[in-house]
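Undergrad: Protein chains in written order, with full-length UniProt numbering: chain A, 1 to 346; chain B, 1 to 346; chain C, 1 to 346.
Treat the hints with caution; some may be incorrect.
All copies of an identical chain are treated as equivalent in the list; a pair is satisfied when it fits inside any one copy or across any two copies.
Stated by the list, open to error - In silico lysine-lysine, BS3-like type, Cα no more than 27 Å apart, as pairs:
id, residue 1, residue 2
1, 331, 24
2, 191, 24
3, 332, 44
4, 332, 24
5, 331, 191
6, 332, 191
7, 191, 44
Hints are computed from structural coordinates only; laboratory data are not their basis.
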Amino acid sequence: MASLADIAAQIGGHVVGDASLEIKRVAPIDEAREGDLTFIANPKYVAELETTQASAVIAAPGVESDRVALIVSDNPYLAFARAVEFLHVSRPASLGVMDGAHVHPEATLGEGVTIHPGCVVSAGARVGNGTILHPGVILYSDVEVGENCLLHANVIVREGCRLGDRVIVQPGAVIGSDGFGYAPDGGRYVKIPQVGIVEIGDDVEIGAASCIDRAALGVTRIGRGTKIDNLVQVGHNVVIGEDTILVSQVGIAGSTTIGNHCTFGGQGAAAGHLHIGNNVTIAARGAAAGNIPDGQVMSGAPAMPHKDWLKASMVFPRLPDIRREMQQLRKKVAQLEKQLEENQDP
Amino acid sequence: MASLADIAAQIGGHVVGDASLEIKRVAPIDEAREGDLTFIANPKYVAELETTQASAVIAAPGVESDRVALIVSDNPYLAFARAVEFLHVSRPASLGVMDGAHVHPEATLGEGVTIHPGCVVSAGARVGNGTILHPGVILYSDVEVGENCLLHANVIVREGCRLGDRVIVQPGAVIGSDGFGYAPDGGRYVKIPQVGIVEIGDDVEIGAASCIDRAALGVTRIGRGTKIDNLVQVGHNVVIGEDTILVSQVGIAGSTTIGNHCTFGGQGAAAGHLHIGNNVTIAARGAAAGNIPDGQVMSGAPAMPHKDWLKASMVFPRLPDIRREMQQLRKKVAQLEKQLEENQDP
Amino acid sequence: MASLADIAAQIGGHVVGDASLEIKRVAPIDEAREGDLTFIANPKYVAELETTQASAVIAAPGVESDRVALIVSDNPYLAFARAVEFLHVSRPASLGVMDGAHVHPEATLGEGVTIHPGCVVSAGARVGNGTILHPGVILYSDVEVGENCLLHANVIVREGCRLGDRVIVQPGAVIGSDGFGYAPDGGRYVKIPQVGIVEIGDDVEIGAASCIDRAALGVTRIGRGTKIDNLVQVGHNVVIGEDTILVSQVGIAGSTTIGNHCTFGGQGAAAGHLHIGNNVTIAARGAAAGNIPDGQVMSGAPAMPHKDWLKASMVFPRLPDIRREMQQLRKKVAQLEKQLEENQDP
């Protein structure tokens with residue numbers, strides 16, 4: 001519970017209307033009730049201002065209402081994110097090393113950490129100030145986790161891997177699993193020991209049950225601010241830049257490099273040993289099969305420019321018609337040829 | 001070990017032949033030996049009655065045999081399922097809170113529960129009567145799990161999520177991970193706190209390592225009787241109806257609603273913010289890219305009616321032929337045009 | 001640190017150059033520095049011998065250098081794998097049953113095992129000599145794990161499943177989850193109890209968060225030497241041969257059999273109840289939809305011969321052109337027909 005004035009001050013906006021309104025929670029515009037704050041990030045929803053039951057709405061400059069109070073912000077979606085944080089998220093007090101947690105005497109813990117029951121922090125591991133390890137988190141030896149990180153239940157970080165500050169890892173994610181590398185020896189495969197590590201930059205988030213493989217030699221690297229969704233596979237020696245987005249179930253094969261500000265849609269993929277530039281978008285289910293320069297928007301498998309894919313995809317269901325017409329044309333042309341021949345040799 | 005008469009009484013059928021036969025186990029028809037019970041769910045396998053080594057067979061009315069005893073049932077496959085349950089599954093006795101389990105004093109446990117070593121049941125969590133938590137299950141604060149649920153090893157249910165009765169969760173599944181939502185702030189992404197929950201209806205099953213994201217605000221909902229296979233992703237604010245099937249590796253993007261009695265084949269998908277009706281089938285690898293009304297059967301990516309996709313897919317490998325023929329036709333038509341011109345201007 | 005002579009003796013090769021050189025580590029050819037050993041597995045990289053900073057290089061017979069020492073080997077990639085093993089991997093000493101591990105009194109442990117904190121070894125389970133269970137590994141009742149296996153953190157093996165010797169399982173993998181089988185009962189689904197097991201042969205590796213379902217009845221089988229990457233789904237009653245490769249995010253539906261020496265590329269798939277022969281390759285994202293005889297290389301969904309798929313995929317982006325040309329041809333042919341008709345009836 002907070003006044004609209006307090007919220008506006010927190011999230012960076014100014015109030016138009018009754019700044020003393022008490023707000024209980026943030027809610028979607030069509031579910032909001034009295035006492036709720038909602039938001040309009042897209043101008044096409046402005047009409048909903050006429051019907052919403054919310055008491056207050058975050059909106060862009062120029063939006064007006066005589067029904068509800070407004071918090072005017074240049075970036076309403078960002079202001080909404082901050083409002084949810086302010087009203088709904090409370091940072092829990094540090095609980096230290098709880099009963100049932102296993103912290104090796106040669107591990108190093110920062111101040112204000114919380115290590116829940118069932119966690120294992122191995123020899124040589126370091127956990128930064130304010131970091132929380134939920135139950136069942138396993139840090140192998142010599143792992144480094146930065147400050148104010150949040151590792152959810154059953155997250156595993158294997159030996160020697162390093163996480164920056166404010167990294168969030170959802171439950172069950174695996175950082176530093178062995179890369180998939182074998183040397184053929186006759187008909188059999190001999191494992192190539194994977195002795196590299198994973199380095200994860202500040203402000204990265206990694207989704208539930210996602211797997212980031214350690215390098216064979218060297219480093220698999222996830223750049224600052226990159227966000228990875230659930231069930232994503234990142235192969236060994238992959239290097240991903242900053243502020244890149246990998247949506248759920250994406251797979252990036254080994255040794256591929258991806259630039260900054262890229263987006264891979266759900267179930268997308270990149271083959272191995274590719275170079276993908278900055279600001280590249282691979283649409284959902286798209287599969288990069290070759291290098292891609294900066295700024296391209298690609299779809300399909302193998303990926304092609306999105307506009308080309310859209311057009312070709314619209315023709316695809318008509319392939320049976322095209323084949324049928326082709327056969328008809330063939331017949332007609334044969335007939336014409338025959339007729340012409342007859343005309344010439346009467 | 002049970003007599004055929006006892007089994008028939010349990011599974012709902014009547015015996016034709018020696019009802020006193022002692023049955024040891026249920027087996028597939030081609031692996032069954034003396035003392036085994038098997039089944040014929042599909043009439044096309046009736047000929048196997050002549051060769052099976054099984055002592056007894058569950059079959060539909062009208063099937064006859066002078067070699068083996070029969071249990072006649074209107075739904076042989078269902079009767080088979082019940083026979084496996086009766087002969088092979090024994091509900092273990094309750095073991096209470098075992099050594100090495102961590103149950104918070106402010107958690108509430110029903111009667112007859114089993115909480116294995118390594119489990120964590122947090123403050124405010126409630127576990128219903130007869131529910132079993134296998135080793136390493138983590139219930140965050142305020143989780144509610146209904147009666148007679150079976151949560152396998154290392155399942156995680158995050159804060160405030162609710163499971164109905166008789167819910168089965170396979171090992172390593174994650175319920176209530178954060179949805180994937182960020183507000184752009186310049187070139188960076190700011191996390192939108194995911195403060196909603198997940199609600200799972202009665203008789204739902206969730207597969208190993210599947211992830212059901214909590215809502216941003218509000219509820220991600222899985223309806224009664226829905227069955228979800230392994231490695232499936234369900235995004236935030238998704239609403240799935242009753243008795244719907246999601247086969248392995250399916251991905252459902254955020255805010256999509258799916259009706260009752262739908263089926264998504266393996267590696268299928270739905271984009272976000274879609275409405276998919278009741279009784280819709282998306283074939284394996286199909287990807288719903290727009291709303292789909294009731295009763296449709298769809299394939300392909302983007303999904304189209306299955307029959308259209310089948311026909312188009314059969315033409316696809318002939319695309320090089322079509323292009324070649326097109327070039328030949330172009331040449332022939334050009335020649336015909338030239339000839340006609342010459343004929344007209346002799 | 002070891003001399004080049006010692007390394008050559010270990011990995012099976014002979015030294016050309018200074019055999020007394022002390023080698024610190026193995027490194028990729030473009031990152032290697034003084035004191036490093038690197039390798040050239042592919043003759044096209046021989047030119048890099050002129051620029052590498054490595055002190056020594058593993059190479060095939062016939063390669064020569066006056067800049068660096070060589071270890072000459074018939075299989076440089078395999079020799080490299082062994083060199084990494086020799087220089088970088090040390091088998092840790094056995095630690096026995098550590099504090100915080102839960103081993104049931106009716107479990108059987110071999111000699112020289114290590115059972116880390118948070119592990120649960122249930123009644124009737126057997127762990128072979130020299131096997132390591134990392135933290136949080138859960139073995140249900142009657143599981144058998146062979147000798148010198150390495151089960152990483154939070155791996156789960158459900159009741160009765162059996163692993164051979166030298167099996168490696170990456171973190172969070174699930175062996176023996178229930179297969180996905182239900183009998184329709186009116187509009188609802190009744191679970192078919194999955195009472196079979198999983199058997200995994202010697203020298204198999206299973207990737208992080210991969211799921212191998214137990215058989216409904218009988219056995220799901222993974223043959224000796226087969227390597228499975230991360231986030232792979234193997235359905236119930238699947239039988240996979242020896243030395244087969246499943247790359248990340250592959251899904252194999254129930255009851256399909258796959259032969260020896262096959263390869264499924266990333267995100268590939270096979271439908272259920274198929275027979276796939278020996279030496280079959282399914283390219284990345286390929287989906288086997290029918291039986292496949294020995295030795296085929298297939299791509300696409302549904303899978304077709306790879307060469308056909310390559311050609312058809314190159315035509316796909318030109319579909320809009322093909323349709324446009326088709327329309328032009330249709331017009332021209334109609335015009336020709338009209339002209340001919342006019343010529344004949346002047």
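Undergrad: How would you classify residue 332 and residue 191 at a CA-CA limit of 27 Å: within, between, both, or neither?
TA: Intra 62 Å, inter 59 Å, cutoff 27 Å: neither.
Undergrad: Go through the copies and call it for residue 332 and residue 24: within, between, both or neither, with a Cα cutoff of 27 Å.
TA: neither (75 Å within a copy, 71 Å between copies)
Undergrad: Quick one: residue 331 to residue 24, C-alpha cut-off 27 Å, is that within a copy, between copies, both, or neither?
TA: neither (74 Å within a copy, 68 Å between copies)
Undergrad: Within, between, both or neither: how does the pair residue 191, residue 44 come out at a Cα-Cα threshold of 27 Å?
TA: between (56 Å within a copy, 24 Å between copies)
Undergrad: At 27 Å max between alpha carbons, let me know whether residue 331 reaches residue 191 within a copy, between copies, both or neither.
TA: neither (60 Å within a copy, 57 Å between copies)
Undergrad: At most 27 Å between C-alpha atoms: does residue 332 with residue 44 qualify within a copy, between copies, both, or neither?
TA: neither (52 Å within a copy, 47 Å between copies)
Undergrad: My question is about residue 191 and residue 24: at a cut-off of 27 Å on alpha-carbon distance, are they close within one copy, between copies, both, or neither?
TA: So residue 191 and residue 24 pass the 27 Å test across copies only (21 Å; inside, 57 Å).
Checked against the numbered hints above, the structure violates hints 1, 3, 4, 5 and 6; every other hint is satisfied.
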